[in-house]
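Asker: Working from the sequences, and respecting the hints, build out all of it.
Chains as they are written, first to last, in the working numbering: chain Y, 101 to 274; chain G, 4 to 125.
By construction, these hints were calculated from the structure, which means they are not laboratory data.
No experiment lies behind these values; they were computed from the predicted model shown.
Idealized CB from N, CA, C, for every residue including glycine.
One thing to keep in mind: the hints can contain errors.
[As the list claims (entries may be wrong)] Below are the SDA-like pairs computed for lysine to any residue, each with C-alpha atoms no more than 25 Å apart in a straight line:
1) Y/Lys-245 with G/Leu-50
2) Y/Lys-245 with G/Ile-104
3) Y/Lys-269 with G/Glu-15
4) Y/Lys-245 with G/Leu-78
5) Y/Lys-269 with G/Gly-18
6) Y/Lys-245 with G/Thr-69
7) G/Lys-11 with Y/Ser-190
8) Y/Lys-245 with G/Leu-120
[Claimed, not checked] The following residues of chain G were derived to be distant from chain Y, with all beta-carbon distances above 10 Å:
9) Ser-28
10) Asp-29
11) Arg-51
12) Arg-54
13) Leu-60
14) Asp-106
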Amino acid sequence: MSQSFLCEPVPEVGTPIREAEPSADRFAARFNRIRLVPKCRPVGQSMLLQPLEAVAQLDSELIRHDIENRLTRLYSAVAEWTEEDGTRPSAETLDRASQGARRLPIAVLLPTPRGGIAAEWSGEGWTAMVVFRADGTTRFSGRSKEIRVSEMVDPTSEDFGGSVVEHLKRFIAS
Amino acid sequence: MQRVVSQKFSPEPSGWISNQVFVPSDRDGGRLSVARGSLSEPHETALRFARGDSNNLPPSVVGVTTAEAHGVGTLPYPDPLRDDFVHAILSFATTLDQDQIEDLALELRLIAEDHGLLWSRP
Chain Y
101 MSQSFLCEPV PEVGTPIREA EPSADRFAAR FNRIRLVPKC RPVGQSMLLQ
151 PLEAVAQLDS ELIRHDIENR LTRLYSAVAE WTEEDGTRPS AETLDRASQG
201 ARRLPIAVLL PTPRGGIAAE WSGEGWTAMV VFRADGTTRF SGRSKEIRVS
251 EMVDPTSEDF GGSVVEHLKR FIAS
Chain G
4 MQRVVSQKFS PEPSGWISNQ VFVPSDRDGG RLSVARGSLS EPHETALRFA
54 RGDSNNLPPS VVGVTTAEAH GVGTLPYPDP LRDDFVHAIL SFATTLDQDQ
104 IEDLALELRL IAEDHGLLWS RP
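Answerer: Shown next, in the form of structure tokens:
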């Protein structure tokens, strides 16, 4: 029997964060809180999206659009960075982070006080980040009550995005 | 110990806070400025940060207890200033490398999340 799908409108999942937000921001806000929204869902089935399915949606137009918005906000944050905030990220670090962020699940992107750029995710009881550091290295780290992960990563490697997604899946499931 | 969250580390409208709230800058020399929760209400800490200007309030104030700060390996101690008697320091050991500082920031962020926002901008 063929399965029918509802594709529009995007259903609500969990507690809406801000009803008035544009759909891309709503999607991103939910992703960061791991309140995930499927683009399509089988009719009559639960509207809750399993984390593994959600991660598979990372190539959608909606998310690509949101990443560009987030990079624009990151550039603004770097431009407004002051000495009081810490070391300003260099153009090289910003460029490396911009390239790397396009290969990652939607994240909050922001400068770090030590001259790097962080891509961060968090959910209830866990937090994780990739830091593109000023010294040219890149590191993934995450914490929950059960899981601790810290490892250097290579944003130019083929499996960079995939390896981060694998870590995030573990945190989402924890 | 109350930590004021800078707007730069709370860029989302949802009140979400970054792990970077607990990362000291190179200039800080491993010392994060905090306020003693036993001497200051969170809204007072926010107002003090804004130098009394309610138009300049930070997005939120978060906190960890002294015991929790000790528990993850940071050293909290009072550091009263002439114009800020509740000022204190959350000190990261100078021997820590960047990996360890980032990991501590994650631990502190998780603890702070457990406590929730102690105060948020109306």
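Asker: Now, for every hint given, state plainly whether the structure supports it.
Answerer: To see whether the hints hold, each was checked on the structure:
| no. | hint | in the structure |
| --- | --- | --- |
| 1 | Y/Lys-245 with G/Leu-50 | violated (33 Å) |
| 2 | Y/Lys-245 with G/Ile-104 | holds (18 Å) |
| 3 | Y/Lys-269 with G/Glu-15 | holds (22 Å) |
| 4 | Y/Lys-245 with G/Leu-78 | holds (22 Å) |
| 5 | Y/Lys-269 with G/Gly-18 | holds (24 Å) |
| 6 | Y/Lys-245 with G/Thr-69 | holds (20 Å) |
| 7 | G/Lys-11 with Y/Ser-190 | holds (17 Å) |
| 8 | Y/Lys-245 with G/Leu-120 | holds (20 Å) |
| 9 | Ser-28 | violated (3 Å) |
| 10 | Asp-29 | violated (6 Å) |
| 11 | Arg-51 | holds (16 Å) |
| 12 | Arg-54 | holds (14 Å) |
| 13 | Leu-60 | holds (17 Å) |
| 14 | Asp-106 | violated (6 Å) |
Checked against the numbered hints above, the structure breaks hints 1, 9, 10 and 14 and satisfies the rest.
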